[in-house]
Structure formats: structure tokens, C-alpha cells
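Protein chains: 2
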Amino acid sequence: MCITKRVNVETKVLSKNDEAAAANRALFLERGVVAVNFMSAPGAGKTSLLEATLRRLDRAAAARIAVIEGDLETEYDADRIRALGVRAHQIVTGTVCHLDARMVAHALSHFPIETANLLLIENVGNMVCPAEFDLGEQLRVMVYSVPEGAEKPKKYPLMFHQAHAVLLNKIDLAPYCGVALDDLVGNVRDVNPSAKIFALSCRTGEGVAAWVEWFEQAVAAQRAGVRACV
Amino acid sequence: MCITKRVNVETKVLSKNDEAAAANRALFLERGVVAVNFMSAPGAGKTSLLEATLRRLDRAAAARIAVIEGDLETEYDADRIRALGVRAHQIVTGTVCHLDARMVAHALSHFPIETANLLLIENVGNMVCPAEFDLGEQLRVMVYSVPEGAEKPKKYPLMFHQAHAVLLNKIDLAPYCGVALDDLVGNVRDVNPSAKIFALSCRTGEGVAAWVEWFEQAVAAQRAGVRACV
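From first to last, the protein sequence lines are chains P and E.
Numbered by this note's numbering, the letters in the first sequence go through residues 46 to 275 in order.
Numbered by this note's numbering, the letters in the second sequence go through residues 46 to 275 in order.
Heads up, some of the hints might be wrong.
Sample of chain P residues lacking proximity to chain E, with all beta carbon distances greater than 12 angstroms (derived) [stated by the list, open to error]:
#: 1; residue: Ala67
#: 2; residue: Thr98
#: 3; residue: Leu99
#: 4; residue: Gln267
Heads up, simulated EDC-like pairs for lysine to aspartate or glutamate below, C-alpha to C-alpha not over 16 angstroms straight-line [as the list claims (entries may be wrong)]:
#: 5; chain 1: P; residue 1: Lys199; chain 2: E; residue 2: Glu177
#: 6; chain 1: P; residue 1: Lys199; chain 2: P; residue 2: Asp235
#: 7; chain 1: P; residue 1: Lys200; chain 2: E; residue 2: Glu118
#: 8; chain 1: E; residue 1: Lys200; chain 2: P; residue 2: Glu120
#: 9; chain 1: P; residue 1: Lys57; chain 2: E; residue 2: Glu55
#: 10; chain 1: E; residue 1: Lys199; chain 2: E; residue 2: Asp235
#: 11; chain 1: E; residue 1: Lys200; chain 2: P; residue 2: Asp235
#: 12; chain 1: E; residue 1: Lys200; chain 2: P; residue 2: Asp124
#: 13; chain 1: E; residue 1: Lys200; chain 2: E; residue 2: Asp228
#: 14; chain 1: E; residue 1: Lys61; chain 2: E; residue 2: Glu177
#: 15; chain 1: P; residue 1: Lys199; chain 2: E; residue 2: Glu120
#: 16; chain 1: P; residue 1: Lys199; chain 2: E; residue 2: Asp228
#: 17; chain 1: P; residue 1: Lys200; chain 2: E; residue 2: Asp124
#: 18; chain 1: E; residue 1: Lys199; chain 2: P; residue 2: Glu118
#: 19; chain 1: E; residue 1: Lys199; chain 2: P; residue 2: Glu120
#: 20; chain 1: E; residue 1: Lys199; chain 2: P; residue 2: Asp124
Keep in mind that the hints were calculated from the coordinates and are not lab data.
Yeah, the Cβ is synthetic: ideal placement off N, Cα and C, and Gly gets one too.
Isolated chain P (complex conformation) (with noise of 0.2 angstroms):
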């Protein structure tokens, strides 16, 4: 397949997932969910993040919260969610190296999120593909693995630029792994100058509450801006 078959192609999948993606929009706004995309490689914390998140919300408000889980194989994931008294639904993606809209629009169907505010979507674990698929979600986190590297902004930058908050997670591993922290926040800045940037661990905990504080009042103003719409 020459290039130009593969972009029409690539062009017509993501020209049809735009339509789901604005069809899941559409939904939230109707039923006045805010619906938060997660990405990341594999490995970089995106369950531990949620977990250590949703940990720290109080009862009435986790009691609104729907979780839906991306992954090619296993249900490990949402079982984790469970663990915690969070709803979960697990997208079992097969051979998919990403979720896209139509996904989760067929999870919905299965899940119904009619007492849910808030809906957070753990990405398929890559750090290329899940950032090309607009899932109709109004935020967009990054979860990134400090013992990645400093450079790897520069080298996979989409999900990079598109997220509205980049998590460097593992900061407990830093003193160890010989990566710079400050080169990577500037690697990032310079790929996303917008972005709030958040160097946090999610296993001892260092940096989670100024994380969850943020992402507490970034959702109220999305839930504004929804309030507004409806």
C-alpha cells in the first residue's frame, strides 16, 4: 500500500471517528457528564493515577464516577477500579492499539452512565495512536514514566501537545534512572507551552494532592461550561 492509499485511508477512519467522537459529546452534554481521556505508554501509571485519585474524592462525589478501561487483553484493570467501589467497564480491544469513539459509544450502551458526572476513560497503553482518536472527551491527561527519558517529548510529540495536563509520574525513581527532570519539563514545555505540567508518584504519593486538586477544578469548569450548555 503506497503512502497516499494509506492517508486516505488513515483520513477516512478518523473522518468517521470525528463523527462518533461528536455524537459522545453530544451525550455528555445531554446527560451533563464530564469525560476525561487518560493516555499513556504502557506501564506508566494511568490505573495506579486513577486509583490514587479517585482515593482521595469523597464518597458523594466517587459515587458519581464511571470508569470505562482500555486494554488488548485481560479485565485487570477494571478490576482494580472495582476494588475501590468505582463502577468500571472493561473495552477488551483485541488486537487495537487504541480506543476510539465508536468504542466507547458501544461501552455506553452497556454502561450506563445516567447517575455519572464524571467519566474517566484509561486509554489503550501507547504513546502514538490513542492520541490520533478524539473520543468526544472535554480534557485530555497524559501520564508519562520519568525512567522514559528526558527526550522522548521531542520524539513522540502528539499526545505530548494535545494533552491539557502532562503528569511526569515516578519521580521517586529519578535520583536513580540518571534522567534530568528539568530537561524533560522543558522537552515538554516546548512541545505544549499550555499544558500544566504535574511531577508526581503515584506509589509514595509525593505530588498526587496538588494533581488532584487541579484536576477537581479543572472538571468543575468543564461541569460549568456543560451547565452553561444545557
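Fit chain E to the given chain P structure using the hints.
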């Protein structure tokens, strides 16, 4: 795009790729070149592994090595290889999340390998898609970063399944990241009972000699096979 259409498009893309991979394989055979495809998630340490491996080879062997690097953006990795006196060609894929056989064929038209007998191909950092695209290589090596967690072989099985060798890199971080190496090895073994598994650290050098010894033998065995076919 419905799932059936997506599958049809993917099947066509992969079928075209298989044709190009077969042509690459024939070219490698004709030239007496052993080609090795190095795959991993971003930041697992493929380039560091290539550096550590190249440093341990004698000058005569290194002179007959060529390296192809794949990244979405930048020539950083090719520059790191060239700094060791080894010829390297960078494929910049733009938005494409993997190398395919046509990209490698195209690179070979600009990057003559007549005097090489070993071609090391560093794929784009992605734990999913590269495993779906045969490049015509004789050996597949997967690098995995221990801090990414013990359960990933179960969640992203294809690349682990296809590798002749799985290298568990960054074991120097194991004491600090709460990942049980035995569980990780067990999960790799469940997905791929026949893969050679090495635990190592490209940063400290621990375990690298054992990997290089195996790699030299595996390449020699492939070369004997190549010679037998010429």
C-alpha cells in the same frame, strides 16, 4: 467504519506488508545479511541496548553492522549510533506508529548494505503495532522496562509472544519500583515458553555480557543458515 471494514482494511495492509517483507527477506538472503528487529514501548531502552551491544563487539564485527532507526520525529537515535562509529539511517515516520517492510525497503535503497552482514533495526517505540508488521527480519528482540510492571505480558501479549529474546531492562530500578521480577518472568514465560529471557541493565551493565554472548551465537546460527541457502 464498522469493525468488519476495519478488519478488511487491516488485512489488506498486512497482506501488502507481507509481500514487501518477503522481498526484504530475499534481499537479506542474497546479500548474506542477518536482520534483527528490536521492538519495545518508548523509553524501554532499545537505543541504550544497541549502544551497550555495539560497544562489546570487536571493531571488525562493528564495521560490518548497519543500523536503521525508526522514530516519529528527530534523528536523535541515529546520531547516538553514529557517535559509536557505526553507520546508521534514521526513518522518520511522522505519525506512523511502527515500521513496515516498505519503509525498510525504501531505506535500503538510500542506505546501501553491501558491505554489511548484520542489520539492526530499531523499531518505533510502541508495545502494540510494530509486532504486527513483519520487516523480513530473521530475529526479533523485545526490550521491556521492568518499572512498567509485572503484568504487561498478559495485557499486551503479541510482542512478547513473537520475540526470540525478551530483555528485561532497568533491573537496577527493580528494588525501588515494587515490581516482582519473578512474577514478570513467569508472565513472559506464560505468553512465550520458548523465548530466551535476559534480566539486565543497560545503564549499569549488569547482565549485558550474557545477552551479547547469546546474541552473537544467535546471529552466527542465522548466518550459517543464510550461507547454507546461498
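Hint check against the structure, violated hint numbers in rising order: When the structure is compared with the hints, numbers 5, 11 and 16 turn out to be violated.
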